[in-house]
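Colleague: For the record, the sequence lines run as chains A and B.
With our numbering, the residue at position 354 of the first sequence is 406, and numbering never jumps.
With our numbering, the residue at position 50 of the second sequence is 193, and numbering never jumps.
Simulated from the structure, these hints should not be mistaken for lab results.
It is possible that part of the hints are untrue.
What the hints assert, rightly or not - As a list, the in silico DSSO-like pairs of lysine-lysine whose alpha-carbon atoms are at most 27 Å apart:
#1 B/Lys-259 / B/Lys-189
#2 A/Lys-529 / A/Lys-471
#3 B/Lys-259 / B/Lys-270
#4 A/Lys-432 / B/Lys-295
#5 B/Lys-270 / B/Lys-205
#6 B/Lys-311 / A/Lys-434
#7 B/Lys-295 / A/Lys-434
#8 B/Lys-259 / B/Lys-295
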Amino acid sequence: MTAALGRFLILASVLVSTTGAFIAFAAGSKRSPEGLRWSQRFAYGFAALMLAATGVMEYALITHDFSVEYVSHVGSRQVPLWVTIVSLWSSLEGSILFWGLILGIYIAATTWFNRNDHQEYMPFAIGTWLSCGAFFSFLIAGPANPFLSVANPPLDGPGPNPLLQNHLLMIIHPPMLYLGYVGMTIPFGFAIAALLRGRLGQSFLKPLRASLLLPWIFLTIAIMLGGWWAYEVLGWGGYWAWDPVENASLLPWLTATAALHSAIVMERRGVLKGWTVTLIQASFLLTILGTFMTRSGVFNSVHSFTQSSIGPTILVFLATVLVLSVVLLAMRINSLEAEGRLESAVSREGMFLVNNLFFVVLTFTVLIGTCFPLIVEAVKGKQMSVGRPYFDAMVVPIGTALLFLLGVGPALPWGKASKKEMQSALIPPLILGTVVLAVGYALGVRNVWTLLTLLFGGYAAHVTFAQMWLPLRQRMKHGDSFGPALLDGQLRRGRRRFGGYVVHAGAVIVFVAIAVSSTMRTQQEVTLSRGQSTTFAGYTVTFAGIEERAEPHRQSTIAHFNLTKNGKTITTMEPRMNQYAAMREPIGTPAVYSTITRDYYISIMNLQGDQAGVLLINLPMVGWIWGAVLLMGLGGLIALIPMRRRTYVVVPESVVTAPDEVIA
Amino acid sequence: MNRTVLIIGLLIVVAIVFVLFACLGKDPQHIESPLIGHPAPPFALKAVGTGETIDLQSLRGKPVVVNFWATWCVPCYEEHPTLVANARNLPDVQFVGVVFNDTEDKINRFLDERGKAYPTLLDANGKTAIAYGVGGVPETFFINPAGNIVAKFEGPLSTEQLQADLAKAMR
Chain A
53 MTAALGRFLI LASVLVSTTG AFIAFAAGSK RSPEGLRWSQ RFAYGFAALM LAATGVMEYA
113 LITHDFSVEY VSHVGSRQVP LWVTIVSLWS SLEGSILFWG LILGIYIAAT TWFNRNDHQE
173 YMPFAIGTWL SCGAFFSFLI AGPANPFLSV ANPPLDGPGP NPLLQNHLLM IIHPPMLYLG
233 YVGMTIPFGF AIAALLRGRL GQSFLKPLRA SLLLPWIFLT IAIMLGGWWA YEVLGWGGYW
293 AWDPVENASL LPWLTATAAL HSAIVMERRG VLKGWTVTLI QASFLLTILG TFMTRSGVFN
353 SVHSFTQSSI GPTILVFLAT VLVLSVVLLA MRINSLEAEG RLESAVSREG MFLVNNLFFV
413 VLTFTVLIGT CFPLIVEAVK GKQMSVGRPY FDAMVVPIGT ALLFLLGVGP ALPWGKASKK
473 EMQSALIPPL ILGTVVLAVG YALGVRNVWT LLTLLFGGYA AHVTFAQMWL PLRQRMKHGD
533 SFGPALLDGQ LRRGRRRFGG YVVHAGAVIV FVAIAVSSTM RTQQEVTLSR GQSTTFAGYT
593 VTFAGIEERA EPHRQSTIAH FNLTKNGKTI TTMEPRMNQY AAMREPIGTP AVYSTITRDY
653 YISIMNLQGD QAGVLLINLP MVGWIWGAVL LMGLGGLIAL IPMRRRTYVV VPESVVTAPD
713 EVIA
Chain B
144 MNRTVLIIGL LIVVAIVFVL FACLGKDPQH IESPLIGHPA PPFALKAVGT GETIDLQSLR
204 GKPVVVNFWA TWCVPCYEEH PTLVANARNL PDVQFVGVVF NDTEDKINRF LDERGKAYPT
264 LLDANGKTAI AYGVGGVPET FFINPAGNIV AKFEGPLSTE QLQADLAKAM R
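Same shape as in the complex, but just chain A (with noise of 0.2 Å):
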């Protein structure tokens, strides 16, 4: 019965997105305001039927309804109620249905917050989204349908992959992801609106803007969650490792970045249209082939799903939207005309356009990093993988010219500088630069690379630090008093451009961050009988003995440590082994000391009576990774709350406006 209901929702999901799509894309050709409040109403149903069937899939799991075959596939009656929860997203077919759930939500959601304006371009967005919506519909109702029955239904399940509920960060990390992957088909549908109507006006822009903006905070959160998954759970004390499907998550990342600081050239100058509307398509491209590299089964990697049927179907997609993309592009670009021009290559604006030279070429390097063992099996059928040294190779010098450009760029002024505006503009950060360079040598940094990170990423704190709070500070110069100036001028008026400093601060640290973390780790392997200690990087660790633990999912070996310095007790760390019934290797789960300096990580390598063999391992300032991203993300979110009025007080001298364009 529940199963037959989740079939008919679906079913009337594909129904109503399909033909939903039809009628925004007819009402935008005809110009029809009335085709357009029918899409409307077609999305809020789209989203509608998406939220019941996922209601319906919820009740399956919460009931243990096992005639439901894919509660019978994840389901178990021995796992607490926030696992069976969670099981949503635990699996290919349900993780599909979820995915429709969020489209839903973002479609009608967007829709009802455009729903009187830029009704030029909204019925081509609705349409866009809706044809996605149809296409995810489609996969629910066919090769990843979750709601077949069961003809007899088993008593109990296995419940989901064990790896969801060996760490908390497993469970909020996919659902961060989803938000971000999905959410780029709404600057896609409004890209693909803008090129059909073969004009992209000021207006349009904030909404364009605000819905990259937000599916870009997610990623960011998502990327960061994944990588502290890793880095907490796997054992081998790092946090990337150019997995094919980081690299995916990454991809999109990169190019929505991108767009981000494309878009605000194109607000201020007028310029760049067609390349930022490219990069929002490249965007939403990249998370379609993200998703089809964790469930085609291509790629090899602590990822994949199971083996399924819907890679060729995702790939179908793939390729429909990426010709469709490419020839609405070349169809309609030169008609995306430039309403200003650069002035002068070395100005803010020529700084934004390296920036972005240098994401897209960082996009295509990780890109051709991953693809490249396909391309190598598929012209010559040898296997073969491409690792770190690869990336390390392309990806560090490449991510510290983009470090000195977060310095420089926002140092330089809009426009044409004279030479004395740009002497005043760039020496004074060299100062911090300097200090955090030489604080950086005295620490003991050596390594060149990092030294020119700690340089850059000197020089760009000071830049950004003097930026975020220019707003306040011009005020308080015109005779503001402090309160109204915060209030007003940095907080209201200047909070995206505040909210976009953030974003710098928090990327600034997380350069740094990275920079030190992986270049000044120590690492050391001892093997401890019972009793006996070592020293290593200032504490002495002790092996205390091991614990066999029987719980119902799992067989868990631990291993106590007691951490000491200078003869004070610090801390007992616990690592251990997981085994897991249903997977052929045990999973270790090390222990991690951290404090604000440093991480002590101790790893289990083998544990043999009364001997363990471990990987100890300092790894300094990696803590502050995790916190910077969060960082980035508030400086998003600030960003992204709407300004009450449309003005810019800061750097006024050269804002471009043009005519307003809302037809109601």
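Based on the hints, put chain B in the right spot on chain A.
Modeller: Only chain B this time, still in chain A's reference frame:
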């Protein structure tokens, strides 16, 4: 129509789609064993229960199926009935189980509960598994009467898979 954008764009698209399409359906986890076509690494291990030592060399002359497994592996539970049934049906084929990273009493309990039809050897220090390049359990090697490895299968065996690989060893 901007032809440059169209041509460059479509070239990138065709390249990406071609590569992804060519790789559909391949299992990236699957790595060809370099041992195929080469003599099977020799071993002489003690059988669980009887304690008698079985030497691979002494099994020359008939096809041998070497199945690496452990009691802590769930797919091994799944394939065990298949192995037992086929071992009983095929008296001309020698089946051998090799267990590593496990204890004798657990293995005995497993076999008592689930049936045994062929000797199970204990690879106490895991050296045999390493010699065969076993990446996880279960993994099964098919050896022809001349003592060469002809096939390797990763994961739980089905009767069809087993017979297909065994056919190579019979040739």
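Colleague: Hint by hint, say whether it matches the structure.
Modeller: Right, here's what the structure says about each hint:
1. B/Lys-259 / B/Lys-189: holds, 16 Å
2. A/Lys-529 / A/Lys-471: holds, 25 Å
3. B/Lys-259 / B/Lys-270: holds, 24 Å
4. A/Lys-432 / B/Lys-295: holds, 23 Å
5. B/Lys-270 / B/Lys-205: Answer holds: B/Lys-270 to B/Lys-205 is near 24 Å, not above 27 Å.
6. B/Lys-311 / A/Lys-434: holds, 23 Å
7. B/Lys-295 / A/Lys-434: holds, 18 Å
8. B/Lys-259 / B/Lys-295: Between B/Lys-259 and B/Lys-295 the Cα gap is close to 22 Å, so the pair holds against 27 Å.
Violated hints: none; the structure is consistent with every hint.
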